[in-house]
Every structure is written in structure tokens, then in C-alpha cells.
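Engineer: Here is what each chain is made of, one letter per residue.
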Amino acid sequence: MSFWYLQAITGLSFAMLLFLLAAGLSLIFGLMRIINLAHGALYLVASYLSLSVMRGTGSFLLALLVGAAAVTLIGLFMERRFLNRLYRMELAQVLLTFGFLFILSDLTQWVWGGEPQIMPKPALFAGSLRLGEMMFPIYRLLVIAVGIVVAVLLGLIQQYTSLGAKVRAGVDDAEMTRGLGVDLPRLFTGVFAMGAMLAGVGGVMGGPIIGANLDAAFEILLFAFVVVIIGGMGSLKGAFLASLFVGLIDTFGKALFPEYSLFTIFAPMAIVLAIRPTGLFGRT
Amino acid sequence: MRQRTRRTAMALGGFLLLLLLPAVLPSFYLGLVTEVLIFGLFAMSLNLLLGYGGLPSLGHAAYFGVAGYTVALLSFTVTQNGWLLIFLGLAMAGVTAALFGLLALRTRGDYFLMITLALGEVLWGLAFKLRSLTHAEDGISGVARPVLNLPWSFEDDVAFYVFVLVSVTLATLLLILIIESPFGKAVVGVRENEARLQVLGYNVWLCRYLAFVLAGLFGGLAGILFIFYNRFVSPADLSVILSAKALLMVILGGAGTLAGPMIGAALLVFIENEVSSLTERWLLILGLIYVVVVMFIPAGVYGGLKAKLQRRSAV
Amino acid sequence: MNALVVDQVSRRFEGLQALNRVSLTVQVGERRAIIGPNGAGKTTLFNIINGTLRPTTGRILLFDRDVTRLAPHRRTHLGLARTFQISALFPRLSVYENVRLAAQAATGGRYAMHRPAATLGAIQRLCEDTLKKWDLWHLRREAVRTLSYGDQRRIEIVLALATNPRLLLLDEPTAGLSLAETQQVSSIIQALHRQLTILLIEHDMDVTFELVDQVTVLHLGNLLADGPQEEVRRDPRVAEIYLGSATEWGKPC
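Protein chains in written order, with this note's numbering: chain A, 577 to 860; chain B, 887 to 1201; chain C, 155 to 407.
It is worth saying that the hints were derived from the structure and are not from the lab. One or more of the hints may lead you astray.
Here's a subset of chain A near chain B, in silico, CB distances under 7 Å, partners left out [said to hold, decoys possible]:
{"hint": "1", "residue": "GLU666"}
{"hint": "2", "residue": "PHE678"}
{"hint": "3", "residue": "ILE679"}
{"hint": "4", "residue": "GLY740"}
{"hint": "5", "residue": "LEU798"}
{"hint": "6", "residue": "PHE842"}
Remember, it's a predicted structure, so these values are computed and weren't measured experimentally. Ideal Cβ positions, reconstructed from N, Cα and C, are used throughout, including at glycine.
Using the sequences and the hints, build the whole thing.
Structural biologist: Dropping the structure here:
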């Protein structure tokens, strides 16, 4: 019995990490039409940085702040200096983010060495919670809580603030939104930086579970793309639901039929692509 | 007409020079030139889609890798006959492209990039996870050079170089023929103005689809040559990293030009070789190359030069 | 035989009835204008006839054949050709290459891969004839986007004609042209052989009445009037919508 509970907790916490990445990817793609391949590298930079801060100071909160702030700055730099000069040149933008993917991830290997490293869990959340027969690892519950809080916050912002309205309008029709007097370049910068920040939060939160690990960062980026494709580009709701789906399916798939684990993710994606190329909740 | 004769003469001269290269070049550099030819063909196949058809694929490694895996796997289990292996590798690459094309060509531009990326990653994931078949990241090694029932053995590096040179030359001639044919002109028409081409009576979807499958076939041929050269195939041959590298080669040389992709491939292969011998930070340098090419030479080295020359001669 | 039958065609876009049960019949050899203020649904109707858009309800018949579900390029094979309101050529290609794409389509070898296009005699001859006939030979090497707008409009018509159509749709062929250029384009259209059926959208009423016998008036997606041009011009409802929207209706013809 405890197998199922534990797998569910593992799956849900993985799903929330995916959501932190996919939300940014999806909004950036939906609004700016940029496939940000550097997103996984931002995640990686944040997890290495926070690891060092955690080791140096022992403060998880400080690690979180530093990790998120640093990659937000990198995101700002990428967008202001490079991407916004390539507006609507989708191929050039993809290749540029690809370049940043190499630069950033190789820099982390340079500074921190190639070995995967696991961040110690913050003391407060280190143990397990006992409920009758069942044990729940507290840190994973924290990840789930953070994911849900971020999802709710993003949902509220999108639904009830003028910034959210602008983003929604921009996803629908960027040119029209510009025509209505929205400062599109600033909106782009803001959304890109916010996406970077979320990736940073994901990188830090993932540190004690997945660790700072180049291959794992690539893999989670790949999963985040699957989430975006299934959920629909530009849709927060889609990103959230698809994260849950992919996180759970993958965790149970890995546990039950390891040889076909990626296939359990890719098969649904291929079906979605065949039926609705723009994703379940995407604009048609 | 005189220009054509001159071009033919130049191409023939170039071919003869390359043919004589083994006489003067140490075998290490001969290996690099072999790689340039193979990746040049791979980049040219992508250029048919990107440069002529205006379709930026981020999953072109799929056909390269599928053909490579097909040859590797079958060479141990089914046949040693090189011709048959080449045929089967091409067939699998073609089938893959034919299937992927059906899905990917329902979209354009940024979505097309995203979907070709996703489809390519599906194959990468399969190669990575189907350990019993593919040995995952360990890959499949020890593939023999092709046995083609010719008077030569291609185990020898020089003979194999000549085999690659002849194959790439023939494939290039075929690609040029396609690009210059009415079909090739129609593919450019799709890129320039789809709606107009359609009312002229062209099946625009068919033009794109044929270009997509042809690009997959030529990409597969490059993958076949590479597995015979490298004797080893791994998930890296299916990865988005290889797909993006091919895009970089095309753009570095000049998209939509005949010679551009080959020049881009040559530059990248030689730069990689030089940099890797100096430092371990090749990926960092590669990343910088992406940024520099995209920001400062978007028309490519050869493409930019050609445009400049044309402008000058027009004045 | 009818060249074109539009049968009860409606088209809804999100929240907008662009066309509402429009019917019209065009006989072979007829020259008809479709007029109406902006937003009348004229270009939508063209797009439905040509197959770029599907009607929400209703049917389209070309030369007595139901083509409602036929792809645009298949309609071209049945003898339909069109021009676009905003010049739609292959802007970065030369005039010669533009015409060659049309010539390839006309000669049937449009997807051939076995020979370079430059060595196919039939295509070359057709290109040469077309370019010389329309006085474009001296411009053949120029990229289309570098030409004057008048020349581009002319090439637009040349490309449409190069596929040997039986029914030609012209979407505002003189929009944006100078007076002299308008005269030139108008006389080209007038000189086309009489078996060619022409359907024309035009805002310039002088041009319109010079070129057509029949007029169809659309207003906000509805068919308002339909008949010989003298009749339609006398129709008070037509005058009303045009005076109401202050266009060139009042100009002397």
C-alpha cells in the first residue's frame, strides 16, 4: 500500500517541479513565440548556485533567493541584449537560446565540476511525516505546496490584474495588443524574466530531490516541453494539468515498466500532436 | 551558358583535387575531411527544407540517427551486404520522415520548430530507454565498413574516403538537380508566397511534404555514411544537439545557397577539432559561435559574400 | 453553361456574419462586377469561390461541377484563376522566375524532378512568349519587389492568365494605381478574349462600368441588387448605401 502513496507523493512533487519550468516556457512561447531551450540551463545554474549558498550559509531561504535572483538577471540580460533584437525571427531565437544553453551549462561544469551533486535538505523539512501507517517525506510535501502556491498566484495574476490581462491578450494576438497601446517589448521582458525566475525557483527546489546535474536538467527540460505541448502553448491551466499528468505517469511508469518509461510520456504527446497540434488548452 | 561550363569545370576540378587528397594528407586529417563531407551532406539535406522550403526543422537528426541505428542493428543480425544495408537504412529514414511529415506539416514557423523538436526527442528517448535493443547511452559499436562486392575493401581509410567522396558527390548532384527542377522551383515558391502558388494550381502541401521526405532521405544517407565511418551509433546521433548543429552549419555557411552548408560544415568541423585540442571548454565556445552567428552573420559566411558580390556586379 | 453558381452561401466568422445566403449565377463569357462598401463581404466571397475559405453553408459550382469541398489548386485545374487585392507575387524572385512558376503549372510538369527547369523547352517557350506579349521581356531579370506598383499589378494579371483560365477573379486590379496606370490595366482587361468569364471587385466606378455588363451589389454580407449595370445604377437602395458611406458613386461616369 505504501508503494502507491510514496509514488504518488514523488509523482506530485515531480509534477510541481515540471510546472515551475513549464509555466515559464509556455507563457514565453505563447506570448513571444520563442522556444527557450536555455530554460533548462537556467534551472541548472540556479541549482548549482543555491547549492553553494546552502553549503556556505546553511540557509535554504537565502539559497532560494540567490538562485532565483541570479537567473532572473540572466534572463533579463538574454532578453534585453539579444532576443528582443530578433523579434519574430523564430529560428534565430531558438538557435540563440541554444547557444545560451551551451554557454550556461558548460560554465556550471567549469565552476562546479561535472559531478552531479545533491543539496542537503533544509533542516526544518528534512524528516518524514507519520500518519498512522504511512510515512510522507516532508520536503516533497513542501515542493508540492510551493508548486500549488505558485500556480494559484500565477492564476490570480493572470485573471485579476491588468498585467495578466495584457499577457492574455498578447497570447491571443500580439499585434492587436500592441495596437491597443500595450508596451509590448516591456511586457516581453517582464514575462521572460518571470519565466526565468520560476525556472530558478524550480532549480533550487529540485536541488535536494534531483540535485544539480547536467543530464537531469536536460531531461527535465525535455519533460517540460512535453508538458507544454500536451497542455497547449500559452495556457497556464494547460501547463498545470499536463504537469500533473506527465509527473504522475512518468513516476508510475518508471516504477512499473522501466524500459518503456519515456514512451509512456511520448505516446500521449504524439496522440495530442496528431489530434490537436496546438495542445489541449492551446489556441487553435 | 559560358558561366555554366565554367562552373562545371570548377566542380570537376574540385572533385579531382579531393580525390587526390589522400596522397598528400595524413590520415588524421583525411578523417576530418571525411567528416566534413558527411556533415556537409547532412547540412545540405536540411538546407533543402530550411533554405529552399523555408521550413526550419529542429528534429533533422531523427533521420540521421534512424538510418544509423538501422544499419548498425541489421549489420549484426540480418545481413553484411552493404548495398542492402544502405537501402534498408534509407527506407527507414524515408518512412520516419513520411510519418513525421504528416504530423509536423500541419503547422508552420514556431510550432513547426516545436513539433519537429518533440518528434525528434521521441526517437532520442526510445534509443535512450530501449536498453535491450540499443544499449542506451553505451550505443552500438563495432559496425563494419560496408561490404559492397567491389574489387576494393573499404576497411582501408583511403578507400573508404573515396567511397564517401563519390557518394556525397552523387548525392550533391542529385540535390542540385532537385533544386533546379520545376519541383525545386515550386518549393521556393512555397517559401515565397504560398497563397499565390496555390492559385497557380500547385498542391502546396504536397510540395512541402515531398521536400520534407526528400530531406529526410538525404539526411538518412548522411547517417548511413556516418555509421560506416564512425562504426558507432548512440542516442547522441538522434539528439536535438545534432539537429541544432546542422542548423548552425546551414546558417553559418548561408541558407538557401548550394555551397553554403558544405562550407558551414567544414568550418565547424575544423573549428571543433582545433578548439578541442586546446581546451576542454568546447561547448562554451560552441555556444558563443551560435550567439555570434545569429547576431552578426545571419546570412552566413558564403551567403553574405555572395550577396555582396551580386550587389557589386549589379552596380 | 454557367461558369459559376454561388448557391445560398453563408459564412460566419466569430460573431460576424460575413456573408448571408448569397446566391448568384455567372454565365460563360459574362463580365460582372461585385461592388459594395467596405465590409460588404466581397473578398470573403472571392475566397470562398476560390476555395481558400469554406462556406459555413451553401454550395459553389464551377462550370456545373460542385466544388464546395475541392482544394484551391484543384479549382485552378478546372479553369479558375484569381488576383489578390494586395499584390501577391513572389517578391524576391525575378520576373522571369515568377512567370516560370506559372508556366510550369500550365504545362503540367509542375512537380517534375528529373530535369532542370531551365532545360525544359516547353516551359521556356511559354515564359518567353508571355514575357514578350506583355512587354515584360526587358524586366525579366529584375526582382519583382523592385518594380513599380503598376508593373506588379500587371504581373499579377499576367500570372493569373498564364494558367489559361476560363474564369478569372480580379480583386481590385486598379487599387492604388495612378490614373495612367489604371487606364493601362483597364485596357488590358478590356482586350481579353470574350470567352473568358470575368468577375471583378472594383472600387473605381469609372473602371467598373467600362468593363462589365452585369453588377452585383453586396452590403453587410447580403445581396442587395443584381442585374445589368444600367438597372443597378438606377436602383435607389444602391445609391443610398453608397451616398451613406460617401464613396465615388456620385462621380459622373
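Engineer: What are the numbers of the hints that this structure violates, sorted from low to high?
Structural biologist: 4
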